[in-house]
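Make the full structure from the sequences, and use the hints.
The residues making up each chain are set out below.
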Amino acid sequence: MTRHVLTLLTALMVVTAPALAAQDQQGARDGPLRIEITEGVIEPLPFAVPDLVAENTQAAEYASNIARVIASDLAGTGLFREIPRDAHISRVTNFASPVQFADWKAINAQALITGGVSVDDTGKVVVQFRLYDVFAGQELGQGLQLVGTTSSWRRIAHKVADQVYSRLTGEAPYFDSRVVFVSETGPKDARKKQLAVMDYDGANVTYLTDANSIVLAPRFSPDGDRVLFTSYESGFPKIYVLDVGTAARQVLQTQEGTMTFAPRFAPDGRTILYSLSSGGNTDLYAMDITTGQSRRLTSSPSIETAPSFSPDGSQIVFESDRSGSPQLYIMPANGGEAQRISFGQGRYGTPVWSPRGDLIAFTKQSKGRFHIGVMRTDGSEERLLTASFLDEGPTGSPNGRVIMFTRETQGSGGAASLYSVDITGRNLRQVPTQTGASDPSWSPLLN
Amino acid sequence: MNTGQLISGLAHTGLIGFAIFGGAFKAEPMPFEVTEVTAISAEEYAALVARPEPDALANVETPEPPDAGEAPALTPETDAAPNTGASELSEAPPPDAAPEALPEPAEPETEVTDEPPAPPEPPEDVAALVPDALPDAAPEPSPRVAPEPVAQPEPDAEIDEFDRQASEADEAAEDPVPDEQETAREAAATRIVTEAEKAEAAAPERSVRPRTRPAAPTAAPDEKTAQTTSEPDAVNAALTEALGGAAEQAGGTETRAAQGPPLTAGEKDGLRVAVQQCWNVGSLSSDALATTVVVAVSLSEDGRPRNDTIRMLDSSGGTTASARQAYEAARRAIIRCGARGFDLPREKYASWRDIEMTFNPENMRIK
Chain V
3 MTRHVLTLLT ALMVVTAPAL AAQDQQGARD GPLRIEITEG VIEPLPFAVP DLVAENTQAA
63 EYASNIARVI ASDLAGTGLF REIPRDAHIS RVTNFASPVQ FADWKAINAQ ALITGGVSVD
123 DTGKVVVQFR LYDVFAGQEL GQGLQLVGTT SSWRRIAHKV ADQVYSRLTG EAPYFDSRVV
183 FVSETGPKDA RKKQLAVMDY DGANVTYLTD ANSIVLAPRF SPDGDRVLFT SYESGFPKIY
243 VLDVGTAARQ VLQTQEGTMT FAPRFAPDGR TILYSLSSGG NTDLYAMDIT TGQSRRLTSS
303 PSIETAPSFS PDGSQIVFES DRSGSPQLYI MPANGGEAQR ISFGQGRYGT PVWSPRGDLI
363 AFTKQSKGRF HIGVMRTDGS EERLLTASFL DEGPTGSPNG RVIMFTRETQ GSGGAASLYS
423 VDITGRNLRQ VPTQTGASDP SWSPLLN
Chain A
4 MNTGQLISGL AHTGLIGFAI FGGAFKAEPM PFEVTEVTAI SAEEYAALVA RPEPDALANV
64 ETPEPPDAGE APALTPETDA APNTGASELS EAPPPDAAPE ALPEPAEPET EVTDEPPAPP
124 EPPEDVAALV PDALPDAAPE PSPRVAPEPV AQPEPDAEID EFDRQASEAD EAAEDPVPDE
184 QETAREAAAT RIVTEAEKAE AAAPERSVRP RTRPAAPTAA PDEKTAQTTS EPDAVNAALT
244 EALGGAAEQA GGTETRAAQG PPLTAGEKDG LRVAVQQCWN VGSLSSDALA TTVVVAVSLS
304 EDGRPRNDTI RMLDSSGGTT ASARQAYEAA RRAIIRCGAR GFDLPREKYA SWRDIEMTFN
364 PENMRIK
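Residue numbers (the numbering used here), protein chains in the order written: chain V, 3 to 449; chain A, 4 to 370.
Calculated directly from the structure, the hints in this document are not laboratory data. All C-beta atoms, glycine included, are put in the ideal place defined by N, C-alpha and C.
Cut-off 30 Å, straight-line C-alpha distance, at most; resulting in silico cross-link-like pairs (BS3-like, lysine-lysine):
#1 Lys201(A) - Lys369(V)
#2 Lys107(V) - Lys271(A)
#3 Lys190(V) - Lys369(V)
Listed next, the stretches of chain V that the computed footprint assigns to chain A, with coverage defined by at least 3 CB atoms under 8 Å from CB atoms of chain A:
#4 165-172
#5 379-387
Shown next, in the form of structure tokens:
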């Protein structure tokens, strides 16, 4: 009997043990090990950009300058961190020679930019560059060559940085762009203001108007060749159109005895939106600048101002106090029923539609502080990026990734200056300007 | 059915019933011994075991070697079967085989004396090869004060509210340029805190209410189990599969040995943490941050990724361009953090030789 019981139990073990063992080995037979990574780090990507190789003696002065501008552009985004030249192990002496990846790995350079520069017989600067993924040991994309005049070497450098930025981040570029702003000098109670235009990084400042009259709110056209602005030259605020290349300007004719301000171009470059104040009421109007014909878009007894088109030109976001306090509204481009999109505590103003169309940047005043913020076009996901005594007037970079605005310090000696911040809220930094500066407007990417 | 089978069936049924209900398989508590122990320190134990060996050896009484001539005579007779009182059904054990004669005990080769044994000569000490001057050199006292003045350490970097450029001396300027240091960069972070959020975080207005107790989870019906048990041939199918697996394993012992055991959850977590430390999404576009990529990689036995095997298997949630950016960030993470080899058990190499990593940036997006 005992033998039979033992036989029965042995048979059961023979049957079940392999099944259990097979279950244990199932993972190994299923194929590769699978893991999911859901947490990463947010830190600037280290890169190295040694001086470009000067192919001839005339190019020597540009070899280092161009490299410095490229490095400044990339590091200025906050997304990248330059590894100082003193730390470089390898010296690039020939643009065509192979890269010693081990030397760049040793200093943790994850991206490497090499280039060569020459000045040809016609006085043109020729720049070639390549971008490498150091740890993968391979080139990213293909090398490019850019040609320009010697006076435009900074633009060439910006274009190189644009290519690198786009290749590494996947974002559209924005370094080769300009900003028009109001330059401010003198004490606060007698401040002189004039229009100026500069590279996005504060270099190459050019003044477009004199300081004899107050100018406000310059806005670039979609092509970047014209600027709309408001001037008190006639005693009343009037809207002017200025040609950036020639500095020639003309006033837009509107009804006598009215005040016009807060102009903005439509994406088509022919229509402009503006606010017209008459009889104590302020409404939005649209004008065809080729014909001079205006039409009224709002007819509310409240104040409607600061309009901005959506990138496709189908909608307008603007500021209105029709609910009792300044809030943001969206309506069709031809007028019609407006829909309120801001519902947070405080006052909202100066909305700007992002060039990408997904966000609206705005100024918010709440609890005695000013903020620059962004929200979705339906008003959701409001996010405040800054906080200070006075922040206002946001404008978006051509790719919509960066917002530039005015920050003014407190007190009688308070001065205005330009700041920029990433739409994530990172990388808040002051834009260097020689004078006080306010009311920035970012141009599209230059051709 | 004949009588024999009937009796056998009844007997087996009774036996199984006795085994199940009679408690034959109940685990009896194992007998155990209680031994009193005393906890002593390592020093006490060392003192306890470090006794003078030579004296102890001297007092040992060495037994006289047995006289070979007095060895008991061995007889070829078989042993009688012991009377164990077993049931009659048990058969008597077979008689033991006649043992062979034992060999004579060997004579001790040396005599034991009262003198302690001479200690063995120590091997040549390597330290003796050091020059003679070294032991005689008296150690010099280390100076408590540096013989030469050293520069004061630089103050800690301060994180400024916003970026400043370092000031540069301008000889042409009428007023001297005040010294201003360039803003120190913030270190890596896993979360973006804006200027506005910093101000809010400094003055919390109220505390968060404790969360309510979560509702007890309701057990969802296991469709797979229900389906399996509803099928009449489920047991047979499972047995067939198990037997098939047994047959397969019987012929594939070498394969099983090569595959080794699978990674534990802790080992997988270690690999995951190692990779995510290098997964830098700070420079990715918002589109790339919405893209999940699956990357395959093969590792060598030392845990280093083989760069030529890294490839993107799949992507979701973004465009082709954003998938490329996301893949390149993932590739950098694998290569950088695997440069010295991932810490994985070598005996389980078959389990982690080929890996598919899913990089899901959902938690890293801007909220």
